[in-house]
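A.B. asks: Sequence:
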Amino acid sequence: MPQFTRVSIKMSPTLKKEAMALAEELGITLSAYINASIKNFVRTKTISFSLTREPEKSEKDAKRDVVTTTPVPPVPTPPPRAHLTKEQLDYINLLVRGY
Numbered sequence: 001m002p003q004f005t006r007v008s009i010k011m012s013p014t015l016k017k018e019a020m021a022l023a024e025e026l027g028i029t030l031s032a033y034i035n036a037s038i039k040n041f042v043r044t045k046t047i048s049f050s051l052t053r054e055p056e057k058s059e060k061d062a063k064r065d066v067v068t069t070t071p072v073p074p075v076p077t078p079p080p081r082a083h084l085t086k087e088q089l090d091y092i093n094l095l096v097r098g099y
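Residue numbers (my numbering): 1 to 99.
These aren't lab readings, by the way, just hints derived from the structure by calculation. A hint or two may mislead.
[To be verified] Okay, the calculated beta carbon distance ranges per label pair:
hint	residue 1	residue 2	range
1	Thr77	Ser37	55 to 65 Å
2	Pro76	Pro13	53 to 63 Å
3	Thr44	Pro2	44 to 54 Å
4	Arg6	Thr46	20 to 30 Å
5	Met20	Val75	28 to 38 Å
6	Met20	Arg43	24 to 34 Å
7	Leu22	Pro73	19 to 29 Å
8	Thr29	Pro74	55 to 65 Å
9	Asn40	Thr14	19 to 29 Å
10	Pro74	Val96	30 to 40 Å
[To be verified] Here are the simulated SDA-like cross-link-like pairs (lysine to any residue), alpha carbons at most 20 Å apart as the crow flies:
hint	residue 1	residue 2
11	Lys39	Asn93
12	Lys39	Ile9
13	Lys39	Thr29
14	Lys39	Pro76
15	Lys45	Thr29
Where a beta carbon is used, it is the ideal one built from N, C-alpha and C, also for glycine.
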């Protein structure tokens with residue numbers, strides 16, 4: 001029979017409640033998740049997690065405002081094509097190509 005040891009960690013009560021609720025939603029216990037994380041840590045000798053920060057409401061509002069109030073520059077219209085006569089085109093070809 002495997003022997004177990006107890007590990008105590010400190011965390012805020014709110015974080016614990018949120019973590020337990022999420023673990024339950026996923027069908028596991030918080031203890032099972034922590035054990036799996038530690039086993040992965042020992043097996044791979046790496047710590048893998050991502051740090052993302054939820055933008056504050058003011059940042060979200062600022063981003064939305066930038067998207068909605070920044071004017072889009074108009075697409076420039078191409079210059080009108082020159083209407084050249086055949087003689088003018090022949091002269092240009094003579095200058096450019098030499099014939």
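A.B. asks: Can you name, in rising order, the numbers of the hints this structure does not satisfy?
C.D. replies: The structure conflicts with hints 3, 5, 7, 11, 14, 15, although it agrees with all the remaining ones.
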